[in-house]
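**Student:** In the order they appear, the protein sequences are chains R and P. Just so we're aligned: 169 in the numbering used here is position 166 of the first sequence, and the numbers increase by one with no gaps anywhere. Just so we're aligned: 13 in the numbering used here is position 4 of the second sequence, and the numbers increase by one with no gaps anywhere.
Careful, some of the hints might be misleading.
Stated by the list, open to error - Derived lysine-lysine pairs resembling BS3-like cross-links, with alpha carbons at most 25 Å apart:
1) 99(R) <-> 137(P)
2) 167(P) <-> 137(P)
3) 151(P) <-> 84(P)
4) 132(R) <-> 54(R)
5) 137(P) <-> 151(P)
6) 62(P) <-> 40(P)
7) 166(P) <-> 99(R)
8) 206(P) <-> 188(P)
9) 99(R) <-> 151(P)
10) 84(P) <-> 62(P)
11) 99(R) <-> 88(P)
12) 167(P) <-> 99(R)
13) 99(R) <-> 138(P)
14) 62(P) <-> 257(P)
15) 268(P) <-> 84(P)
16) 115(P) <-> 137(P)
17) 166(P) <-> 188(P)
18) 138(P) <-> 257(P)
It is worth saying that the hints were derived from the structure and are not from the lab. Since we're looking at a predicted model, the values are computed, not measured.
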Amino acid sequence: MAYQFDFGQVVSGEYGQWLVSGLVTTLHISAISIVLSLALGTAIAVLRLSKVRPLVWFSASYTEFFRNTPLLVQIFFWYFGSYNVLPNVVNEWLYKRDFEFACGVIALTVYTSAFIAEEIRSGIFSIPKNQLEASRACGLSFTQAMAYVILPQAFRVIIPPLISQFLNLIKNSSLVMTIGVMDLTYMARQIEAHTFHGFEAFTVSTAMYLCISLLVSLGVNLYNRRVLRVRSH
Amino acid sequence: MRKTAWISTLVCLAVLCAAPFATAGKLDDIKARGALVAGVKDSQPPFGYVDEKTNQIVGFEIDLMEALAKRLGVKLELKPVTSSTRIPMLGQGAVDIVAATMTHKKEREDQVDFSITYFMTGQKLLVKKGGGVNSVADLAGKKVASVKGSTSEQNVKKAQPDCTVISFETYPEAFLALKQGKVQAMTTDESILVGIKNSDDNPDAWEIVGDYISPEPYGLGLPENDSDFRDFVNMALMNMWETGEYQKIYEKWFGKGKKDYLPLTWKMELWP
Chain R
4 MAYQFDFGQV VSGEYGQWLV SGLVTTLHIS AISIVLSLAL GTAIAVLRLS KVRPLVWFSA
64 SYTEFFRNTP LLVQIFFWYF GSYNVLPNVV NEWLYKRDFE FACGVIALTV YTSAFIAEEI
124 RSGIFSIPKN QLEASRACGL SFTQAMAYVI LPQAFRVIIP PLISQFLNLI KNSSLVMTIG
184 VMDLTYMARQ IEAHTFHGFE AFTVSTAMYL CISLLVSLGV NLYNRRVLRV RSH
Chain P
10 MRKTAWISTL VCLAVLCAAP FATAGKLDDI KARGALVAGV KDSQPPFGYV DEKTNQIVGF
70 EIDLMEALAK RLGVKLELKP VTSSTRIPML GQGAVDIVAA TMTHKKERED QVDFSITYFM
130 TGQKLLVKKG GGVNSVADLA GKKVASVKGS TSEQNVKKAQ PDCTVISFET YPEAFLALKQ
190 GKVQAMTTDE SILVGIKNSD DNPDAWEIVG DYISPEPYGL GLPENDSDFR DFVNMALMNM
250 WETGEYQKIY EKWFGKGKKD YLPLTWKMEL WP
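Model the full structure from these sequences, guided by the hints.
**Tutor:** Next up, the structure:
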């Protein structure tokens with residue numbers, strides 16, 4: 004029995020629409036999670052460098068905890084585990100909404116922010132320490148010194164590793180299909196189930212992931228060169 | 010070095026292309042081998058599951074395959090498959106036949122052939138007793154769980170466009186979502202829902218409701234374009250029905266008083 008290749012069936016008509024709607028969901032969940040994880044990751048990194056002990060402990064354990072547990076387990080934890088600890092009223096309120104998508108965003112954000120925090124911390128370390136001291140000596144507060152002097156420089160340094168964290172997030176977003184978020188991978192699986200043309204469905208979705216990743220990479224690099232005027236390494 | 014890479018690539022390609030044509034006639038292959046290799050489910054009671062006591066795969070579909078092997082005069086070998094591996098394994102020739110709760114759909118005809126229907130069921134809803142959902146109409150604005158790799162999702166969406174379907178990897182996860190109140194119903198073939206309901210500690214808390222959302226005729230998956238083998242399987246199935254052997258196997262798994270009671274309400278297509 005020879006396998007009958009049929010890309011037409013997968014990319015046109017109803018199945019084509021499935022793939023497009025899956026692509027939109029993947030872009031949607033990735034975009035939200037990237038923005039949130041960058042913000043959260045920066046906050047965690049700054050906390051770790053503060054002088055307040057409990058905050059340092061908190062951010063250190065946050066990073067180690069979420070960086071060292073599998074993302075899939077975290078997704079199930081937020082989705083199925085939360086049921087037992089939240090009050091029933093809250094659960095009912097949540098379940099009437101798009102709880103699946105929200106859990107996906109939370110899991111991706113928390114997981115990726117732990118990695119981003121580490122990147123940002125190393126970026127901050129790469130800025131000579133006396134810059135912080137100088138800023139403080141000029142009368143800036145710790146937050147001001149971070150926001151206006153240290154972080155803008157640190158971000159330039161860590162753009163390449165940050166891109167790879169973003170790309171990881173986009174690829175990791177395929178795991179949210181396990182809790183029923185209808186992303187690109189989910190749709191490819193559905194098409195496979197309906198038509199048995201798994202080879203074509205997964206080839207097309209692979210190409211789509213590749214395109215997203217390359218575009219993100221290209222976009223950030225261009226921003227780097229044009230706006231920040233940094234030479235790529 | 011480059012030459013070696015080229016040659017190995019070519020060899021791989023040759024193997025990939027040749028593999029599908031390697032089998033001439035399944036019927037001859039099976040008889041020469043002395044064994045029928047059947048792809049079956051191993052976690053889908055009562056169709057195919059691992060018996061806790063004997064550690065063997067047992068079930069309705071296994072008995073059916075046993076009866077087929079007897080007619081072929083060979084012994085039966087079982088290979089566990091899942092909803093996503095059953096077609097590739099059949100295509101590669103890793104199994105001769107697939108008996109794995111597979112709905113016969115037109116779109117699936119591209120890749121494999123099907124026998125006549127050997128089990129007829131339909132898609133229904135499993136809900137919490139007294140939860141306010143008694144039919145597909147009641148699902149408006151509510152969430153329904155289903156399982157990936159099945160066709161249940163689209164069917165329920167067509168019957169009630171105003172509901173949200175959430176698909177999980179396995180049936181236990183979908184049932185957990187129902188238990189936790191994340192969804193108000195779960196939907197799949199009635200025959201599978203019966204098994205899920207009975208797997209709960211308190212089966213009476215749940216009920217299967219509504220009319221059939223869609224008919225789900227199960228067919229045995231057979232290698233594409235091997236009509237000798239397909240004829241043999243179809244004749245064997247009809248013969249099992251006519252001699253009452255089919256009904257006996259059915260009674261054993263779905264009969265009155267059995268855990269997964271499901272009355273036999275359909276007739277096999279019998280050619281005159």
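**Student:** Checked against the structure, which of the hints given earlier come out wrong?
**Tutor:** As far as the earlier hints go, 3, 6, 11, 15, 16 and 18 are violated by this structure, in ascending order.
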